[in-house]
Each structure stands twice: as structure tokens, then as C-alpha cells.
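**Student:** Residue strings, one per chain:
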Amino acid sequence: MGYFYDGILKAADMLLNMDAATFSAIEATLASTACALLCAMTFGLPLGFLIGYTDFPGKKLARLVSDTLLAFPTVLIGLLVYIFITYRGPLGHLGLLFTLPGMVIGQTILALPIIVSWTAQAVENLDPRCRQTLLTLGASPWQTALHTMREVRYDLAMVCVTAFGRVVTEVGVAMMLGGNVRYHTRTMTTAISLETSKGEFAQGIAMGIVLLGIAFIVNAALTWLRHRGRA
Amino acid sequence: MNKFSKTLFGALLSLAFVLPAQAETLMMATTTSTDNSGLLDFLAPSFKAETGIDLKWVAVGTGKALEISKNCDADVLLVHAPAVEKKFVEEGFGVDRRQIMYNDFVIIGPKADPAKVAGKTTAEALKGIYDAKAVFVSRGDKSGTHNAEKKLWKANSLTPDQEKFYISAGQGMMATINIAAEKGGYTLTDRATWIKFAAKQGDANPLAIVVEGDKALFNQYSVMTTNPARCANVKVELAKQFEDWWVDPKTQKRIGEYTLEGKQLFFPNAGK
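Sequences listed follow chains A and B, in order.
For the first sequence, the positions run 105 to 335 when our numbering is used.
For the second sequence, the positions run 213 to 484 when our numbering is used.
Just so you know, these hints were derived from the structure itself, not from any lab.
What you are looking at is a predicted structure, and each value in this text was computed from that prediction instead of being measured.
One or more of the hints may lead you astray.
Said to hold, decoys possible - If you only want the chain A side, here are some residues facing chain B, beta carbon under 8 Å, derived: (1) 191; (2) 192; (3) 201; (4) 283; (5) 284; (6) 285.
Quick reminder that beta carbons are idealized off the backbone N, C-alpha and C, glycines included.
Input sequences plus hints: build the corresponding full structure.
**Tutor:** Now the structure itself:
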């Protein structure tokens with residue numbers, strides 16, 4: 105239990121003293137997570153909406169594939185992307201391995217199925233009468249689709265929070281593709297993993313507390329936005 | 213949010229299939245022991261000051277470090293598995309191998325020493341552990357330490373791999389020592405990690421050194437460059453500066469000056 109107490113003290117110490125290594129890790133974590141979420145949302149939200157809103161052959165299969173990928177192990181994503189971006193791989197000339205952009209690729213793949221599946225689910229869960237009512241009121245198909253998007257916007261916020269939680273806490277992709285390079289690709293989670301392997305348990309717990317603090321701030325900000333939106 | 217914009221920019225650039233601009237940085241693949249012991253953090257600032265090169269490193273097991281170099285993803289290597297390294301050079305994956313320093317391994321085990329091997333030679337101790345079927349925890353991760361351990365068993369014609377008392381951890385050195393402590397087992401460790409473990413445990417340390425100082429336990433570190441003939445991306449000029457810097461008398465002296473908990477860990481021996 106001593107580790108936990110020491111961990112809390114160290115977390116406070118790191119934040120108060122603006123520890124350079126800690127802040128670099130926080131920055132790397134937030135930068136890569138934000139970029140990965142942006143990429144995943146750009147592709148995932150329209151795709152999920154399409155799967156949930158429209159009917160097309162292979163729709164069930166698409167959903168099944170996306171749902172299966174929810175169980176994609178992060179280490180495997182890391183390994184697969186590694187094979188593509190290593191210098192001897194097909195994308196090797198880009199020099200992405202052990203860089204933040206390299207990490208973002210893996211994290212985007214991690215976040216994508218979460219966003220697609222949950223967006224599709226949110227759209228499907230809407231009361232079907234809503235759509236019928238809109239159509240009988242004379243709305244065009246485009247207006248109906250737009251209104252449906254408005255209806256599910258709070259669910260989509262939750263989808264993004266879930267994807268954020270998954271990406272910000274994962275360690276497999278970050279370790280494999282980022283390489284845990286100090287001041288460059290060391291994230292909060294790879295730092296925790298490193299401290300643990302060094303036997304610095306208290307330091308690891310301190311980093312964990314800081315990570316949870318960040319997640320709290322992000323969620324608090326979203327909650328605030330939601331309330332403002334409803335008011 | 214400097215790093216944020218850099219990442220976004222880098223991601224966009226990569227999407228556009230343009231090579232991201234490279235500063236004067238050198239990528240090194242190294243072993244966990246050089247990183248975890250704090251030696252690299254101690255030396256990196258002087259490397260930067262004297263050569264102007266920004267040294268980045270990934271710290272992994274020696275096996276993975278060599279694999280990274282094989283795939284051309286690192287310019288230089290700092291590793292400790294001489295036999296494997298020589299083969300690596302012979303097969304044309306690495307060039308310009310230079311030995312720079314050594315540290316030593318120790319065999320540690322429970323204070324009660326159930327196999328009664330304390331103070332014996334390495335050969336006798338391994339035989340004793342094997343015969344007593346005492347728990348032995350192996351790294352089991354193809355690291356330099358793991359290679360050294362396998363070599364020691366082999367040199368004594370012992371094959372413990374299939375035995376029940378032989379635990380293959382598949383983890384780093386500190387994690388392996390922790391397992392040994394929990395299970396009351398023996399293990400082979402580099403001295404640096406042992407000193408750190410012992411300093412943390414203090415008087416409550418359940419483990420102690422049983423064999424040390426045997427020549428068979430010396431652990432040679434070398435630097436190498438990824439073969440530029442295979443990997444066109446290797447920064448040959450910077451790599452040469454890197455290798456020259458390690459064997460430079462000034463650096464060699466500094467290696468000897470690094471201490472952990474007041475104890476010298478690495479012994480420079482470039483050119484010897």
C-alpha cells in the first residue's frame with residue numbers, strides 16, 4: 105500500500121514542479137490521441153451513419169465486421185501496422201516507425217470500429233416514427249437525414265468519449281509503433297509500463313493518477329458542452 | 213501545443229506521401245539494461261554537446277533490437293550478446309562492431325539458499341540448482357541476459373527448458389527478479405538491475421547474491437552500425453561519429469564514473 109501513497113505524492117510533485125519528462129509524455133499522449141480521434145471520426149462517423157441509416161446489400165456483414173474489430177487486440181494492430189511502416193515494408197519510405205504519426209495510424213485503426221459500430225447503433229436506436237413523421241410533414245430525404253443527425257448528436261458525443269478512453273489508455277500500439285522514445289513518443293501509458301518494468305511502482309502509479317486526471321478534465325469539458333447545448 | 217501541430221502536420225505530410233524532414237537525429241536500438249540502469253540518461257547530454265547529434269533510442273531486448281536493425285529501422289545498435297552479434301555481422305546485417313564496455317552478471321537466489329550453491333562457481337551452482345530442482349526464473353525473452361543464461365546452461369550440458377522448476381517469464385529483468393522473489397527462486401541478472409532491486413527492498417530483501425565475480429559471468433557490450441549496403445537510409449556519417457564517440461578516451465572515462473547507489477556498474481574496455 106505504500107506504493108499508492110507515494111504515488112499520490114509523486115503525482116502532485118510532478119505536476120507542481122512542471123516535470124519536463126511528464127509534460128512531454130502528456131503532450132505526446134494528447135497530441136496522438138487527438139489526431140487519431142480526428143482521423144477516426146472523419147471516416148467513422150459518416151460510415152457508421154450510413155450503416156445505421158440506410159439499407160444496402162451487405163449492411164449486416166459490414167456491421168458484423170465492425171463489431172468483430174471491436175475485439176482487435178492492440179498489440180496485433182501494432183504488429184500489423186509495424187509490418188507496413190517498417191523501412192523494409194510497403195510504406196517504409198515515409199519513415200513513420202517510432203514517430204507520433206506512425207502511432208496515430210495504429211490508434212486510428214483502434215478507434216475506427218468503436219466509432220462505426222456505436223454510431224450505427226445510435227442511429228438504429230432512434231424511434232422509427234421520428235423518421236416517418238418527418239417524411240409525412242413533407243421533409244425532403246436530405247432534411248430527414250440532417251434531422252436524424254441532430255437527434256443523435258448527444259449519443260455521438262458519448263461515442264467519441266468511449267473512443268477517446270480506449271485510445272488514451274492503450275499501450276500496445278504506442279509501445280510497438282512509437283517505441284517509447286523519450287521526449288518524442290513516450291506517452292503516459294508507455295511511461296507507466298516503463299516505470300513498472302524498472303520496478304518504480306510509485307512513479308508508475310503517479311503517472312496513472314495524472315492520466316486519470318486528464319480523462320476527468322476531458323469528460324468534464326464534454327459534460328459542460330452538453331449542458332450548454334441543452335440549455 | 214507544439215507537438216500537437218507537429219503531429220498533425222506530420223500526419224498530413226505522410227498522407228500526402230512526402231518524406232517528413234529529418235533533423236540531425238540518430239536512432240539507436242538498445243537493450244533495456246543500458247536504459248534502465250540510467251547510463252544512457254547520464255551519457256546522452258555529453259553526446260549531444262560533443263557531436264551536436266540528437267540521440268533517440270528504443271530500449272528493447274537484444275533480440276528485438278537486432279530485428280529492428282535488420283528491418284533498417286535503427287541506424288545504430290548498443291547491445292550485449294557477443295556470439296549473436298558476430299553472427300549478425302557475418303550475415304551482413306551489421307557493420308563496424310566495436311566493443312566498448314562490460315558489466316557482469318550475478319546469480320541471485322533466496323537467502324535460505326535451498327540448493328546450497330552460495331559461493332560456488334557458476335558451473336557448480338547451475339548443476340546444484342538443476343539437481344536440487346530448485347525454482348529458476350529465466351527471462352525467456354531472447355534478450356542479451358537470456359542468451360547469456362542459455363549459454364551457461366549449455367556450457368554445462370544441462371537442459372532445464374522442459375523441467376517443472378524452470379520458469380520462463382518472458383519479461384524484463386526487474387519483473388523477472390520480482391517473480392524470483394515471489395516464487396523463492398534463483399535467477400541470473402545484470403548487476404545494475406540487482407543493485408536497484410536491492411536498494412528498494414532494503415533489509416526486507418528476500419534474495420541475495422549467490423554467485424559473482426566468475427569470469428564466465430562477464431557481459432560484453434558493443435556498438436554496431438546497421439549495414440548501409442542493405443539499408444540506404446542509414447545515416448553513415450552520424451553513425452561513424454557515434455561509434456568514434458563511444459571509444460573516445462573521454463567517453464570511456466565517463467562510463468567508468470557512472471555509479472548507481474554508489475557502485476560502479478560499467479567497466480570501459482574499448483580496444484582491449
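**Student:** All hints are to be evaluated individually against the structure, with a verdict given for each.
**Tutor:** Comparing the hints with the structure gives:
1. 191: This hint holds: residue 191 of chain A lies near chain B, its Cβ roughly 4 Å from the closest one there, short of 8 Å.
2. 192: Nearest chain B Cβ about 5 Å off; hint holds.
3. 201: With a minimum Cβ separation of about 5 Å from chain B (threshold 8 Å), the hint on residue 201 of chain A holds.
4. 283: holds, 4 Å
5. 284: Holds - the Cβ of residue 284 of chain A comes within 8 Å of chain B, reaching about 7 Å at its closest.
6. 285: Where the cut-off is 8 Å and the nearest Cβ of chain B is about 5 Å from residue 285 of chain A, the hint holds.
Checked against the numbered hints above, the structure breaks none of them.
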